[in-house]
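Using the sequences and the accompanying hints, generate a full structural model.
Chains as they are written, first to last, in numbering that gives the first Met the number 0: chain A, 0 to 72; chain B, 0 to 488.
Keep in mind the hints are simulated off the structure, nothing from the lab.
Please read all numbers here as calculations on a predicted model, not as lab measurements.
Check before you lean on any hint, since a few could be wrong.
On the chain B side, residues computed to face chain A include the following (Cβ under 8 Å) [unchecked claim]:
#, residue
1, 283
2, 286
3, 287
Calculated pairs, DSBU-like style, for lysine-lysine (alpha carbon to alpha carbon, straight line, at most 30 Å) [unchecked claim]:
#, chain 1, residue 1, chain 2, residue 2
4, B, 22, A, 19
5, B, 25, A, 20
6, B, 120, A, 20
Glycine included, each C-beta is placed from N, C-alpha and C at the ideal position.
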Amino acid sequence: MPSVMINRTASGDLSLYVPKKDLEEAIVSLEHEGPGRWGGEVTLADGSRYFLEPMDEAPRLPITLRARRLQAG
Amino acid sequence: MCAMKREEAEALIQEVLEVYPEKARKDRAKHLAVNDPSAESAKKCIVSNRKSQPGVMTIRGCAYAGSKGVVWGPVKDVVHISHGPVGCGQYSRAGRRNYYTGHTGVNTFGTMNFTSDFQEKDIVFGGDKKLEKLIDEIETLFPLNKGITIQSECPVGLIGDDIESVSKKKGKELDKPVVPLRCEGFRGVSQSLGHHIANDAIRDWVLPRRDGDDRFESTPYDVALTGDYNIGGDAWASRILLEEMGLRVVAQWSGDGTLSELELAPKARVNLLHCYRSMNYLARHMEEKYGIPWMEYNFFGPTKIAESLRKIAALFDDRIQEGAERVIARYQAEMDAVIEKYRPRLEGRRVMLYVGGLRPRHVIGAYEDLGMEVVGAGYEFAHNDDYDRTIKDMGDATLLFDDITGYELEQFVQRVRPDLVGSGIKEKYIFQKMGIPFRQMHSWDYSGPYHGYDGFAIFARDMDMTLNNPCWDQMKAPWKGAATGARAA
Numbered sequence: 000m001p002s003v004m005i006n007r008t009a010s011g012d013l014s015l016y017v018p019k020k021d022l023e024e025a026i027v028s029l030e031h032e033g034p035g036r037w038g039g040e041v042t043l044a045d046g047s048r049y050f051l052e053p054m055d056e057a058p059r060l061p062i063t064l065r066a067r068r069l070q071a072g
Numbered sequence: 000m001c002a003m004k005r006e007e008a009e010a011l012i013q014e015v016l017e018v019y020p021e022k023a024r025k026d027r028a029k030h031l032a033v034n035d036p037s038a039e040s041a042k043k044c045i046v047s048n049r050k051s052q053p054g055v056m057t058i059r060g061c062a063y064a065g066s067k068g069v070v071w072g073p074v075k076d077v078v079h080i081s082h083g084p085v086g087c088g089q090y091s092r093a094g095r096r097n098y099y100t101g102h103t104g105v106n107t108f109g110t111m112n113f114t115s116d117f118q119e120k121d122i123v124f125g126g127d128k129k130l131e132k133l134i135d136e137i138e139t140l141f142p143l144n145k146g147i148t149i150q151s152e153c154p155v156g157l158i159g160d161d162i163e164s165v166s167k168k169k170g171k172e173l174d175k176p177v178v179p180l181r182c183e184g185f186r187g188v189s190q191s192l193g194h195h196i197a198n199d200a201i202r203d204w205v206l207p208r209r210d211g212d213d214r215f216e217s218t219p220y221d222v223a224l225t226g227d228y229n230i231g232g233d234a235w236a237s238r239i240l241l242e243e244m245g246l247r248v249v250a251q252w253s254g255d256g257t258l259s260e261l262e263l264a265p266k267a268r269v270n271l272l273h274c275y276r277s278m279n280y281l282a283r284h285m286e287e288k289y290g291i292p293w294m295e296y297n298f299f300g301p302t303k304i305a306e307s308l309r310k311i312a313a314l315f316d317d318r319i320q321e322g323a324e325r326v327i328a329r330y331q332a333e334m335d336a337v338i339e340k341y342r343p344r345l346e347g348r349r350v351m352l353y354v355g356g357l358r359p360r361h362v363i364g365a366y367e368d369l370g371m372e373v374v375g376a377g378y379e380f381a382h383n384d385d386y387d388r389t390i391k392d393m394g395d396a397t398l399l400f401d402d403i404t405g406y407e408l409e410q411f412v413q414r415v416r417p418d419l420v421g422s423g424i425k426e427k428y429i430f431q432k433m434g435i436p437f438r439q440m441h442s443w444d445y446s447g448p449y450h451g452y453d454g455f456a457i458f459a460r461d462m463d464m465t466l467n468n469p470c471w472d473q474m475k476a477p478w479k480g481a482a483t484g485a486r487a488a
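As structure tokens, then:
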């Protein structure tokens, strides 16, 4: 369960940062991004996948969350 | 001088690695690479931030160096106690040349060494009592200190002293921040962890002190200058440029910085981050907690300075953008003159760099402004994200090395024969004795500043002074035939 920071980059895309691994990758897909539900499965540009506990509302970014790693990149 | 081809560079790495036993060779091979600027991420080509191999001569420092020496040390009105045996503090005292103003010993304490000087009995019975007494003594002798940090040396962690409880107790008693740092040297693989620990301590013990206190009158043009340690006056040379373009610098972290500047940074509008490696943790934290965006910039060499000034100005309104153009235009003639003078003397020379976690990539622009070429670069303690940023700035088929050993660096320099090597004091005399001009790129070889426009003029002069020094023609004793120096080789 690494702690990850979700942020919006200058170009408007979402990025995920894992401090422990110095990994900063663009998020290519986020399961729930719409209003009402936010989170779920995250796929990064390098192919790795993480799971964020879904939230009721889109949070203010950046935000640090606990994530579960589903698949290594 | 033409650059090496990719195959040649790869063969060179293999050749240098040959002397190692198989296991060590396999490990070291992962830390050496030939640059490919088209690669998207450094993850595939180079491994970094790993434990050094036992038995090799690494050039790294320790967590205490990262915390006390780098991040906290320059905070001038705070007393930094080197908690443990006397050596760590004494042998690192005042060596970094992070300049500051003030009266040392009265209201500033930058170049002084405060230590609890552990003896056998402190190891056996614990040093907490001594620490309390020491803090009381500091308070009596130096009443103008604004706070105290306790920088742990190795034994403190080994014997399990509870410096946190002492800090809390004394902090309450004195009504000042007393900050404990668990930066024992044995932690982590390099000084990089010390930066992180120091950042976390500022986050937990300093920044929250002014949460909810909005007495500070801020303006829309407030910025915090972070990750500049004022080596030889660097931060001053940077600060004047920002002020000239109309910004107000409310905090300088941490070169010539004060405790109240640390506390004020969350009131700024933007965090300008020079040393990404040692302060990105706090920049990210402040973005999340206080909503302050941060931006990396580079003040080495006129090309990068102009680029950075425009990038900074783009975050503000027209007034600042005009200010940036005005600053760039004002220094243009001066910079042209510097380049006109030194470029013909330095053009085409090749440089190899091995510094800490930021400069190898940051100074590339400054060298290119002088027509020089960086043929190899490496970091002591960089992480993956630093290499991501480096591979784009470096030329094709140049050497990249991570946590290079003394032997490897020597071999690389001998084979590649760069015209200039830039690294630290430990490497300096090896290369000078090999007949290769050398500049210390940690502390600017007792010169500086190198940041900003004023710094570039000094940088160019220093490089010329070193490279074209007549001593390099005198490397061979006159009775041993014609003089052949580094230039002839």
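Here is what the structure says about each hint:
{"no.": "1", "hint": "283", "in the structure": "holds (6 Å)"}
{"no.": "2", "hint": "286", "in the structure": "holds (5 Å)"}
{"no.": "3", "hint": "287", "in the structure": "holds (5 Å)"}
{"no.": "4", "hint": "B:22 <-> A:19", "in the structure": "holds (26 Å)"}
{"no.": "5", "hint": "B:25 <-> A:20", "in the structure": "holds (22 Å)"}
{"no.": "6", "hint": "B:120 <-> A:20", "in the structure": "violated (41 Å)"}
Going down the numbered hints, you'll see the structure goes against just number 6.
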